[in-house]
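These protein sequence lines map, in sequence, to chains L, W and H. If you're matching positions, the first sequence starts at 376 in our numbering and goes up one per residue. If you're matching positions, the second sequence starts at 2 in our numbering and goes up one per residue. If you're matching positions, the third sequence starts at 260 in our numbering and goes up one per residue.
Bear in mind the hints are in silico, worked out from the structure with no lab data behind them. The reader is advised that the hints may include incorrect statements.
In silico EDC-like pairs for lysine to aspartate or glutamate, Cα to Cα no more than 16 Å straight-line [stated by the list, open to error]: (1) 474(L) with 432(L); (2) 579(L) with 545(L); (3) 582(L) with 399(L); (4) 516(H) with 146(W); (5) 380(L) with 586(L); (6) 366(H) with 47(W); (7) 612(L) with 548(L); (8) 579(L) with 399(L); (9) 443(H) with 475(L); (10) 528(H) with 399(L); (11) 428(H) with 586(L); (12) 582(L) with 617(L); (13) 443(H) with 467(L); (14) 443(H) with 432(H); (15) 496(L) with 475(L); (16) 582(L) with 600(L); (17) 499(L) with 475(L); (18) 287(W) with 432(H); (19) 528(H) with 503(L); (20) 551(L) with 584(L); (21) 606(L) with 563(L); (22) 499(L) with 521(L); (23) 51(W) with 374(H); (24) 138(W) with 192(W); (25) 612(L) with 596(L).
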Amino acid sequence: MAEIKVKNLHKEFGVGDDRVVALENVNLDIEGHVFVSIVGPSGCGKSTLLNILSGIETASSGTVDITQDSHDANPGYVFQAARLLPWRSVMENLMFVQKERDDEARARCQRYLDMVQLGDKGDKFPGELSGGMQQRVGIARAFSIEPDVLFMDEPFSHLDAITARSLRRELHEMWKQTKKTVLFVTHDVGEAVELSNRILVFAKGGKLEDDITVDLPFPRDPSDDAVAVAKAQVLRKFEELDLLAT
Amino acid sequence: MRRAHARRTATTIREVSDIVVTTDERPEGRQRSAEEERLLAQRRRDTRNKWLWRIAGYVVVLLIWEYGFQAIMELIAGRSLNDALLPGPIRILQTIPDIWEDGEMLSNFGATLTRIGIGFGVSFIAGALIGLFTQNKWLDSFFRDLVVVSLTSPGLVWALTGLIIWGFKPLGWIFAIFMTTFALVSVNISEGVRALPKDLLDMAKAFGVSSIDRQRHIVIPHLAPYIFTAVRFGFSIAWKVTVLTEVFSSNKGIGFQMRVTSQVFQLDEFFTWVLSFFVFALFLEKVVLQRAEDRYFRWRQEVAT
Amino acid sequence: MTAAAMDSRPRVPFYRRPVAARILMPIAVIVVWYLVYWTLGSRIFEPPHRVFEFMWNELTLETRLRNGKGPSNLYQMFGLTVVRLFAGFAIAMVVGTVIGLAMGLSKSVNAFFHDWVMAVLAMPALVWALFLGLVFGPQGNQAPIYACILAGIPFVIINVREGVRNTPKELFDMARAFGVPQNKITRNVLLPSLMPFLFAAVRYAFSVGWKGLVIAEVFASDSGMGWAIKFWYDAHQTRGVIGYALFFVAFALALEKLLFEPLAEKAFKWRPRVGDVGVVEEQFLLDQTVEGALEVEQFTGGESDG
């Protein structure tokens with residue numbers, strides 16, 4: 376089981392008129408097998424939070440503490456654009472992030488490629504795949520290191536609605552089977568309600584405004600009444616916080 | 002369960018008390034945060050560093066040129082060299098007033114510039130026309146090999162060919178300039194025309210904008226960067242090939258002066274001619290072209306930043 | 260249905276096909292050549308058939324040049340030039356890559372060298388040729404090789420520097436997020452992303468270095484292809500000048516078709532073959548990356564030609 380603790384996290388960019396506060400005094404505590412969505416208007420520091428948690432960016436101040444079962448484990452990350460190495464084959468892309476280049480790792484990568492239904496595409500270059508397939512490779516890559524914690528930054532926002540929907544279902548299945556802690560950034564409230572146990576609402580200026588628990592059984596069908604009601608509730612929260620205007 | 006701090010925490014975290022987070026929202030009255038102070042200091046340091054290193058570059062190169070040139074060149078050449086062959090920057094600077102007073106500077110400059118102007122003018126018009134022609138598939142195939150040959154072969158062959166056919170008559174050097182630069186112009190113009198924003202033109206038509214206004218507000222602004230690139234590249238090649246033709250047969254011009262001065266081992270004057278053309282090219286680039294571009298491309302964000 | 264009916268495309272007469280236009284261009288050149296020959300009535304200028312005859316004689320070793328050391332032929336001159344070209348090219352690549360890497364990685368190093376690299380770039384090869392000829396004399400290979408290096412090196416430096424500056428930040432971030440070790444990142448991200456820029460550097464260093472080399476051979480050497488064309492020019496033999504000019508063009512085209520195009524094919528097989536973007540990028544002298552790079556410089560860029 377993993378635990379993520381964030382204390383007094385502050386991040387800003389630029390000087391003077393260009394100054395942007397991306398995160399302001401954020402405190403978080405996430406534990407165990409949960410799916411946490413982070414929603415909010417664009418420019419509210421959602422992606423910045425993931426980047427700091429994963430070590431891509433450094434914070435201006437505050438502490439981040441990620442506890443995992445094995446001490447050398449690395450969180451997985453699924454990016455908005457797949458970020459595959461265009462000059463390496465799909466299989467090589469997965470092997471790139473493995474700690475060991477042994478047969479075991481190779482078998483594991485193959486297993487996760489099978490899971491995203493790309494088992495026969497291992498020899499292809501990313502440029503030969505469609506956008507949806509590339510994103511699936513990105514998901515397989517994140518799972519293939521078998522992390523306790525998984526960060527996802529609007530992974531489906533570049534895809535068409537139908538592809539996104541089937542990938543959401545696949546993702547949910549994988550999360551259920553592998554019992555990971557997932558932090559999922561999205562601007563789509565419906566997506567957040569469909570997938571998560573917990574929704575964190577950020578406002579412009581990087582303030583954590585609300586922490587909503589969604590207590591509905593899985594699998595959730597977006598056309599289901601209970602899910603629609605929950606979505607309406609979250610959107611009402613948005614209205615209360617005056618987030619819709621932006 | 003093992004508990005471990007993620008390795009990054011150690012490096013990225015500072016005491017919270019370092020930071021002054023002010024709640025004052027007014028931009029003028031707001032006190033700068035610690036992060037802003039750090040960023041500003043970093044920027045100041047970067048600018049200072051950049052200039053220090055740049056000046057260091059000039060100082061080091063000029064010092065070596067002035068005092069170590071002879072030793073280095075003798076080491077490479079493996080024999081002792083007359084120091085008339087290796088003038089330092091100070092001696093080159095001293096010869097500038099001499100040439101200026103002779104009145105040589107202006108007349109030679111004028112001769113070369115006239116040739117470049119005429120030659121490149123002709124090439125530009127012809128190249129632009131060919132660029133327009135190549136929108137047609139048949140004409141594109143017709144000109145394709147000529148364009149490739151022009152882009153790949155050395156200017157020297159056109160300079161010599163032009164000279165041997167026409168001698169140092171205008172047609173000789175116009176031919177040389179044309180053969181080295183027209184392809185560059187035609188490729189750029191052709192690319193520009195091919196990339197014309199059809200959607201914007203359709204939009205303008207839908208709003209009933211007149212043809213003249215469509216040219217003025219859409220076609221010309223769109224083509225401008227392609228034309229600037231063509232002029233910039235074309236000019237730099239034109240000047241090199243012009244100087245080359247002047248070396249072979251002329252009695253005026255920068256190329257002629259380079260030949261004469263190097264034949265009589267006056268390399269200080271030789272480098273003065275090179276230097277003076279550099280200054281001119283720099284002026285043309287930084288003042289004329291850059292200004293025109295800045296004015297024309299204000300709408301482009303990457304130019305502004 | 261008959262075979263004729265199945266061919267739904269209207270029949271295009273041969274002369275209207277692009278292929279015909281391509282064949283027509285050399286014919287037009289030869290026709291114009293004859294016209295110029297007749298209208299000029301020059302004693303020096305010669306018609307195409309004489310030039311082709313000369314070229315044939317050169318290829319079959321009928322004619323011999325004399326360069327003080329005894330007679331020599333096209334193949335010897337050509338061989339000398341190619342050896343010099345590879346020597347100069349190799350040195351320019353090694354030194355240029357080192358400087359370019361340093362300039363791309365460090366702002367200080369960039370500030371130190373930048374203006375001087377631009378000055379060397381804008382210098383006509385003629386200046387190097389005249390100067391090096393005086394310093395090294397016409398014997399030996401030194402002057403041509405140095406001219407080749409000086410002409411080619413700024414292009415290598417600028418391309419490598421731009422390559423380092425344009426490394427894909429998002430891929431480095433990805434690798435860092437997954438905790439991939441540095442040497443693995445260097446091998447799998449940095450080097451492959453530099454490849455297109457290195458390739459452009461190779462191409463430019465070769466083509467521009469060659470042009471500089473030939474000019475140096477004209478003014479500062481007693482052997483090589485450049486010297487040969489100068490020999491015929493001084494002898495007022497049009498057939499020699501134009502014949503050698505055509506050899507030059509043939510060499511340039513062969514270099515492009517036989518060396519660079521297959522090389523590009525091999526090096527960039529991961530690039531999708533959709534659209535013509537890749538094609539434009541790999542055309543001789545029209546490389547987008549390099550033109551972009553030079554545009555950034557905003558100095559008298561272009562080729563070190565003439």
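Verification of the supplied hints:
1. With a C-alpha separation of about 22 Å, the suggested pair residue 474(L) and residue 432(L) falls outside the 16 Å cut-off, and the hint is violated.
2. For the hint pairing residue 579(L) with residue 545(L), the CA-to-CA distance comes to about 31 Å; that exceeds 16 Å, so the pair is violated.
3. For the proposed pair residue 582(L) and residue 399(L), the alpha carbon gap of about 5 Å is at most 16 Å, so the pair holds.
4. Distance restraint check for residue 516(H) and residue 146(W): the Cα-Cα separation of roughly 13 Å lies within the 16 Å cut-off, and the hinted pair is therefore satisfied.
5. A distance of roughly 15 Å separates the Cα atoms of residue 380(L) and residue 586(L); the hinted pair therefore holds under the 16 Å criterion.
6. As the CA atoms of residue 366(H) and residue 47(W) are separated by approximately 8 Å, the hinted pair is consistent with the 16 Å bound.
7. Between the alpha carbons of residue 612(L) and residue 548(L) the distance comes to roughly 29 Å, so the proposed pair goes past 16 Å and is violated.
8. About 10 Å separates the Cα atoms of residue 579(L) and residue 399(L), which keeps this hinted pair within 16 Å; it holds.
9. Proximity of residue 443(H) to residue 475(L) is assessed by CA-CA distance (about 12 Å); at most 16 Å being required, the pair is judged to hold.
10. Under the criterion of a C-alpha separation no larger than 16 Å, the hint pairing residue 528(H) with residue 399(L) is inconsistent with the structure, at around 47 Å.
11. Straight-line distance between C-alpha atoms of residue 428(H) and residue 586(L) comes to about 33 Å, which puts the hinted pair past the 16 Å bound.
12. Of the supplied pair hints, the one linking residue 582(L) and residue 617(L) holds, its CA atoms being roughly 13 Å apart against a limit of 16 Å.
13. For the hint pairing residue 443(H) with residue 467(L), the CA-to-CA distance comes to about 12 Å; that is within 16 Å, so the pair holds.
14. Under the criterion of a C-alpha separation no larger than 16 Å, the hint pairing residue 443(H) with residue 432(H) is consistent with the structure, at around 14 Å.
15. Using a Cα cut-off of 16 Å, the hinted pair residue 496(L) and residue 475(L) is violated, with the two alpha carbons roughly 22 Å apart.
16. At roughly 31 Å between alpha-carbon atoms, residue 582(L) and residue 600(L) are farther apart than 16 Å, so this suggested pair is violated.
17. Taken as a hint, the residue 499(L) and residue 475(L) pair is broken in the structure, with Cα atoms around 22 Å apart against an allowance of 16 Å.
18. Between residue 287(W) and residue 432(H) the alpha-carbon distance is near 37 Å, which puts this suggested pair outside the 16 Å criterion.
19. Restraint check: the Cα-Cα separation between residue 528(H) and residue 503(L) comes to about 11 Å, which is no more than 16 Å; the hinted pair holds.
20. Taken as a hint, the residue 551(L) and residue 584(L) pair is broken in the structure, with Cα atoms around 28 Å apart against an allowance of 16 Å.
21. About 10 Å separates the Cα atoms of residue 606(L) and residue 563(L), which keeps this hinted pair within 16 Å; it holds.
22. For the suggested pair residue 499(L) and residue 521(L), the alpha carbons sit about 23 Å apart, so the restraint of at most 16 Å is broken.
23. With a C-alpha separation of about 12 Å, the suggested pairing of residue 51(W) with residue 374(H) holds against the 16 Å cut-off.
24. Only pairs whose Cα atoms come within 16 Å are accepted, and residue 138(W) paired with residue 192(W) is accepted, the gap being roughly 14 Å.
25. With a C-alpha separation of about 21 Å, the suggested pairing of residue 612(L) with residue 596(L) is violated against the 16 Å cut-off.
Of the numbered hints given earlier, the model fails hints 1, 2, 7, 10, 11, 15, 16, 17, 18, 20, 22, 25; all others are met.
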